[in-house]
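Engineer: One letter stands for each residue in the lines below.
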Amino acid sequence: MKKTKQTFFLFTSLIILLQIGCTQYPMVQEPDVQKFDETVYSEALRDSLTQGKLTAGMPHFIASQLFTNWTEGIKKTKIPVATLGSKQRLQEEEGWNRKYVDPNISVILDEYETAGGKLYVWYQRPDFYRMDVSARDTLYVFYEDTVYCSVINYLNKSSVLTIRDSLPQIPVQTSLFAEIHYNDHPWREVSYWYNIEILSNAKTFKLGETNYELYPIELLEFNNEPVSSFKWREINNYED
Amino acid sequence: MKIKKDFIRGNKKIKIISNGGNPFPIPESWRPVLSKCDMLVIIPDMHMYIHSSHLDNFKYGADGMLKFLNHLSTLKEEMELEDQTLRVYQLGDLYEQRFPGLHGPNATAIEIRMSHPSYDQIVNSMNSIRTHFLYGNHDFELRHFPGFRFASLEGKVYIEHGFTPDSWKDFSNPNASLWEVGQFLFLTIREINEFFANLLVASSVIQKDEFYSWGVPSGKDPVYDYPSEKDYGHCLNYFAERMKKNPENKETKITVIGHTHHPYINTDVNNGKHIFVDAGAWTSGRSDFVVITNEELAICCYQR
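Protein sequences appear in the order of chains A and B. Residue numbers for the first sequence, in my numbering: 1 to 240. Residue numbers for the second sequence, in my numbering: 1001 to 1304.
You may find that some hints are simply not true.
[What the hints assert, rightly or not] Derived lysine to any residue pairs resembling SDA-like cross-links, with alpha carbons at most 20 Å apart:
id, chain 1, residue 1, chain 2, residue 2
1, A, Lys99, B, Asn1173
2, A, Lys76, B, Gly1101
3, B, Lys1002, B, Glu1080
In short, the hints are calculated from the structure, not lab data. Note that the structure is predicted; figures quoted are calculated from it, not measured.
Construct the complete structure from the given sequences, taking the supplied hints into account.
Structural biologist: The following block contains the structure:
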């Protein structure tokens, strides 16, 4: 009996050691800088990307590209959650085990297990209400090497806002990059907008067509701590 | 408002397929048929499913849908400048939730929506033009959520997905007694279907992205025809009778449904007292929709 126990213990230990020894994470990939530069005009975000940092404000496709080869590593993506910071997958059940989820859920979570720890990335479908935009915040619009700025006068609806001064220099039906600098916000100074358009009155902006590749990353957590950035090159070095 | 002049506006992708390419005039005595808007556009069954799956037959019509929604968005903005309202409806079966899911036995709306950027963009675009959503039998679970209704009344136009005339034998009426059993069997068949599809891919008989859904056309080839009216099914009698007997909504003159994927108009229902319209489908190669103004109505298609 004792011998059996010893054999079992040795066998189990061997399996565990083998598992630890064999755990290999794929390399975190470098993102497509050209696509990023065509989408994002923020100097701060461009600097972060150059330094190998994934930060809040970047479009979600950067996170996807980093973990393109994560087929062998643990990766759970597009998890619908209730709020930023929540890790609980939302899913309900009815009838004979049929699942359903509220299609209006706007906050999505990705989870990646890396050599340095678990990374959680929350991103959300943007609109001016959800991103806490309000009157007296400042809109910066980037168009042809010039940055036009104006104070927001009011929000027409969740996807449309009107500024105080008209900007006739900006053409209609053009996809523009913009930033909104908050006048008074408890934890955020700026939000980034990858596709907005000005209407023919030269004062009203509407959100352009968007999809989850262009949803802004809102929150990052690494090793159970909220972090301002995820340094992917350090993770690759860690594996070496 | 006229459909050719005020809706199509020279867009060469949009064709009227009913009545030999001409809109039906709304009888003078019924006008106005719309009370809260000036133009009604009704998009029928789409059956969006997980984009990478062999069972998804919406993907071939996705680009066309995005272009069509762009047309509606521009039209809506221009009509608003003239103090006119365009109202858009989606008739139900927006999502195909009766097929296997990634995290459960059946697919959920979020899984489908997030399966491809175009699909997410389609739903975002629909929301941005304030589309009114109904639920159908293939996305019946959406009835739990705000913004999804069983039916709607727009002036004298009654709009419903159209599964109510179906019996339990069709496996397509959630109110039928054997719905749960039917869905369980149907889901099992689709799981077997997917298993064989993966097997065929592994043995290089079909390509990874090739469509392989038993009994459902792939949708790769577009279908722009107006099918024979003689082949139209049992929904006409049911809804004709309902319009005739309905004492609460005597004013209802037009019923629009989807569900059958068979575009059809009958302007002589109950001896010309009512009009019945089946909007067709935007899946399996079809790209139909219905336009109704106070003066005219037509079934159109959007060519890829």
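Engineer: Please work out if Lys99/A and Asn1173/B have their alpha carbons no farther apart than 20 Å.
Structural biologist: Holds, at about 18 Å.
Engineer: For the pair we were handed, Lys76/A and Gly1101/B, check the Cα-Cα distance against 20 Å.
Structural biologist: holds (15 Å)
Engineer: For a C-alpha distance cap of 20 Å, please report whether Lys1002/B and Glu1080/B respect it.
Structural biologist: holds (17 Å)
Going through the hint list in order, the structure satisfies each hint without exception.
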